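Engineer: From first to last, the protein sequence lines stand for chains A and B.
When we follow our numbering, the leftmost residue of the first sequence carries the number 239, and every step to the right adds one.
When we follow our numbering, the leftmost residue of the second sequence carries the number -2, and every step to the right adds one.
Everything labelled a hint here was simulated from the structure, so no lab data went into it.
Here the structure is a predicted model, which means the values were calculated and not measured.
C-beta: ideal position from N, C-alpha, C; glycine also.
Hints should not be assumed to be uniformly reliable.
If the Cβ cut is set under 10 angstroms, some of the chain B residues that face chain A in the computed set are [said to hold, decoys possible]: (1) Lys41; (2) Pro44; (3) Lys81.
According to the in silico footprint, chain A covers these stretches of chain B (three or more CB under 8 angstroms from chain A) [claimed, not checked]: (4) 58 to 66; (5) 72 to 80; (6) 98 to 110.
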Amino acid sequence: MNTKKIVVVGNGMVGHYYVEKMAALEQAFEITVIGAEPRPAYDRVHLSEVFSGKDPEDLALTTREHYKQIGVQAHFGDAVVSIDRENKEVITELGRHFAYDKLILATGSYPFVPPVPGSDAKACLTYRTIDDLGAIRAQARLGKVGVVVGGGLLGLECANALKNLGLETHVVEFAPGLMGVQLDEGGSGMLRSMIEELNVQVHTSKATQKIVAGKEHTLRMEFADGGALETDLIVFSAGIRPNDQLAKQAGLEIGERGGIIIDYHCRTSDSNIFAIGECALFGGKIFGLVAPGYRMADAALSQLSDSPQSFQGADMSTKLKLLGIDVGSIGDSHGKTLVDDKVPASFLYSNDRERVYKKIVVSPDGKKLLGAVLVGDCSDYDNLLQLYLNDMDLPENPEHIILPADDANSTAFSAMQLPSTATICSCLNVTKGDIVAAIDAGCTTVAEVKSSTKASTGCGGCAALLKSTVDTELAARGVEINNHLCEHFAYSRQDLFHMIKVGRLEHFDEVLNKHGSGLGCEVCKPTVGSILASLWNDYILKPQHLPLQDTNDNFLANMQKDGTYSIVPRIPGGEISADKLIVIGEVAKKYSLYTKITGGQRIDLFGARVNQLPEIWSELVEAGFETGHAYGKALRTVKSCVGNSWCRYGVQDSVSMAIYIENRYKGIRSPHKIKSAVSGCTRECAEAQSKDFGVIATENGWNLYVCGNGGMKPRHADLFATDLDDATLIKYIDRFLMFYIRTADRLQRTSVWMNNLEGGLDYLREVVIDDKLGLAEELEAQMALLLDKYQCEWKTTIEDPERLKRFRQFVNSDKDDSHIVFVQERDQPRPAKEQERDALTTA
Amino acid sequence: MTNAALSHSPFDPIAIFDRSDLQENAGVCVLINDVQVAVFYLPKESPSIFALHNWDPLGKANVLYRGIVGDLNGERVVASPLYKQHFSLDTGRCLEEESVCVPVYEAFIEGETVTITLQSRCHK
Chain A
239 MNTKKIVVVG
249 NGMVGHYYVE
259 KMAALEQAFE
269 ITVIGAEPRP
279 AYDRVHLSEV
289 FSGKDPEDLA
299 LTTREHYKQI
309 GVQAHFGDAV
319 VSIDRENKEV
329 ITELGRHFAY
339 DKLILATGSY
349 PFVPPVPGSD
359 AKACLTYRTI
369 DDLGAIRAQA
379 RLGKVGVVVG
389 GGLLGLECAN
399 ALKNLGLETH
409 VVEFAPGLMG
419 VQLDEGGSGM
429 LRSMIEELNV
439 QVHTSKATQK
449 IVAGKEHTLR
459 MEFADGGALE
469 TDLIVFSAGI
479 RPNDQLAKQA
489 GLEIGERGGI
499 IIDYHCRTSD
509 SNIFAIGECA
519 LFGGKIFGLV
529 APGYRMADAA
539 LSQLSDSPQS
549 FQGADMSTKL
559 KLLGIDVGSI
569 GDSHGKTLVD
579 DKVPASFLYS
589 NDRERVYKKI
599 VVSPDGKKLL
609 GAVLVGDCSD
619 YDNLLQLYLN
629 DMDLPENPEH
639 IILPADDANS
649 TAFSAMQLPS
659 TATICSCLNV
669 TKGDIVAAID
679 AGCTTVAEVK
689 SSTKASTGCG
699 GCAALLKSTV
709 DTELAARGVE
719 INNHLCEHFA
729 YSRQDLFHMI
739 KVGRLEHFDE
749 VLNKHGSGLG
759 CEVCKPTVGS
769 ILASLWNDYI
779 LKPQHLPLQD
789 TNDNFLANMQ
799 KDGTYSIVPR
809 IPGGEISADK
819 LIVIGEVAKK
829 YSLYTKITGG
839 QRIDLFGARV
849 NQLPEIWSEL
859 VEAGFETGHA
869 YGKALRTVKS
879 CVGNSWCRYG
889 VQDSVSMAIY
899 IENRYKGIRS
909 PHKIKSAVSG
919 CTRECAEAQS
929 KDFGVIATEN
939 GWNLYVCGNG
949 GMKPRHADLF
959 ATDLDDATLI
969 KYIDRFLMFY
979 IRTADRLQRT
989 SVWMNNLEGG
999 LDYLREVVID
1009 DKLGLAEELE
1019 AQMALLLDKY
1029 QCEWKTTIED
1039 PERLKRFRQF
1049 VNSDKDDSHI
1059 VFVQERDQPR
1069 PAKEQERDAL
1079 TTA
Chain B
-2 MTNAALSHSP
8 FDPIAIFDRS
18 DLQENAGVCV
28 LINDVQVAVF
38 YLPKESPSIF
48 ALHNWDPLGK
58 ANVLYRGIVG
68 DLNGERVVAS
78 PLYKQHFSLD
88 TGRCLEEESV
98 CVPVYEAFIE
108 GETVTITLQS
118 RCHK
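Given only the sequences and the hints, what does the whole structure look like? Please build it.
Structural biologist: The structure is reproduced here in structure tokens:
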């Protein structure tokens, strides 16, 4: 039997997906792909990122070489112009003929440009291809103002692109609201006000009548309501139209308003021709998203196998970030579905201060989710989508799903409740059943399940759901969830801490020889390094400790994206003299450093090359500064308000206490960073309740709060003890910190640590205050040892020529890293972006 | 001279420096004809010295020499200090992204002298 010839017309995302999948089949086909664009398939979804610094090459989904390797003949930059169905071949613009047994049309779509007089002007552009981006960029250089016509999903993406190009950006929409397809009126309104806050001007209910030459800018748009808008360029993004001309000429059935009609096998009216993606019309609908296109490709491909599948339409729910704003839409977001002639019920949560809008549409009996709209916060999207897709029963009070969670109405979503048909990863179409099967087949970690099922290897949005599914399944099987540090140590951090302490081990090699295997890695080395430092507080850059330190600890500074470092001198309690401020200013000026005030009441100096660090620190140390340990998993800062020395309301001297605490615990290595603050009265200006340990003054002494944090998952600290005198306060903090250092997991903040302690806060009080474990003396002694061995790591470093060798960029040259280039912004340096660097280095 | 020393052409650009410039179980960087090469020294391994291009193709900065070295499933690797992807010290292959690879170069130690050439070792 001859090998079947497959010709794929179009090399967009869907065409490429089909080709990749087909080449991976066991059955051999002769595959030819023909793309009209001059380059192989690329990721169109993330097109606008090219304007925020991404290289067009980063968008590539494949290369010519890759196609060659997988045995696919690929031709780019030569469009297919006709199909000869009788002889089963296609003919290209350059007159080449390609014979086929099966033909796949993946010709995609083109942007719709409304037939407005003047819309053919040179400054009128579209937004779909990499070449379009070039044209937009070129036109943007000539002007200051840009307009996007179309306030849908793509239009707002494009507005983001114009904004990134530095244009004054407007969005002009015909309909009364933005994203009318996906959002209801309220959600659309919230989105609009959030977008306007970003200085993108939104004009809705505007019909453009004509485009003429402008007075102040290149073009002038005249609207039906008599208004007008001047601009230097216009990008049309008012919807897409299927590329169906080729099919039409070949006599294939086409929908009334365009689109190649396909059946649920993705077959066109010619049984040897399939159509997939945005050129195809299924059930009277064009599917303008990538995921349904992929599902069509799967269905079309399966027709060549023994087990044909069908395409049944696709869910158009979507979650995305537009101009940095989270937007999600699920199912019937407008609440138009009638169930037994009854109108669905809606539940709405709208918060103007936090800028959050959430609506769910629920069946009249309140049992099923029909749709949802989320603007400003998509954290509920995954849960809602699962409820919707799997037709799961809602809780009795469905509104609790979207109300801000607190302990009273928490609706923690359990992966256990999901049916096995539930899709966990929609990019790669992996169901809960697939994951269960992978675990049954022997996978015991998330990583193994990922590599076996490919789940969460697309956009990664399902990572948390995947992990909870795997963990729940493993737990249900009685598998103990592995808390081994890494492949080199079959112990938790807490176990290792204990073994190192009891064995009095002082080197990584000793620890590895006794308790581990292999060479170590970037997980266990810093962990052991940190434990050694917590126990013995040796200088961390000693030759035996240096290779253990994470990048930042290794160079005693914080690495930034371009490989330069930032420097944070310690400013205890946030108190600094004028002379010291001047020194920081002088140093920043001398070395051209970018300076920024941090949230921890100190000053960060950015843009130091690795070889400048010792020189800069010599000057800082000379002026009396010490390292701030901003690079370490260690105590960072102790913030303070001015307290009763200045403030009319202060009841204690919060600054003195903050300085004392910061100096006491500075430099101590811990499982994660530790932050603290001291407020001089109950007004709490130092925000002590958002810290790992916070102190708030009372008339009678100090209240101690523990286990709070800001950041990704903020948590208020819990009140631990009240009205303490100075000595008791410090004693409790000593014990608390040391107990945390001993027993927490790697990279576990105090809040998570406490939640995982059996008995929680009460237990912690019993250990620290009541000394239930009889550990208090030991914890205090351990702390005293650490305090005794404190040294400023930078002072030690600059005094040791052997250590300074580490800070050379090159061991054999005095040159600098030529890739580090700065540009000026607001009178300060910042790293050049890719395109700026190109311009600077080629100029 | 060892065989290794003879195997590169006399015209290959090279860098020669002292063993004491190396950092045990960590990396340093050398410049050869404007090419930045990260050199890692694992005294207990054989070979004990590895040379990779210093450019992190995923983090897009010249930083690989500052990464932590170790092994993963028996493969000797350096972890990018920026985003922690692993690059094989022996082949330059990125363990997380199959299509990504950094060039690896010939490196050897004779007595107290370290030699790095721009001769790349091919592993594909």
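Engineer: Would you mind marking each hint as holding or not holding in the structure?
Structural biologist: Each hint tested on the structure:
For B:Lys41, the shortest C-beta to C-beta distance to chain A is roughly 8 angstroms, which falls under 10 angstroms, so the interface hint holds. Against a cut-off of 10 angstroms between C-beta atoms, the interface hint on B:Pro44 is violated, since the closest Cβ of chain A lies about 14 angstroms away. With a cut of 10 angstroms, the hint placing B:Lys81 at the interface with chain A holds, because the nearest CB-to-CB distance is about 6 angstroms. Requiring three or more residues with a Cβ within less than 8 angstroms of a Cβ of chain A, the coverage given for the region 58 to 66 of chain B holds, as 7 such residues are present.
For the region 72 to 80 of chain B, the stated coverage by chain A holds: 5 residues have a C-beta nearer than 8 angstroms to a C-beta of that chain, and at least 3 were required. Counting residues of the region 98 to 110 of chain B whose C-beta lies closer than 8 angstroms to any C-beta of chain A gives 0; at least three are required, and the coverage claim is violated.
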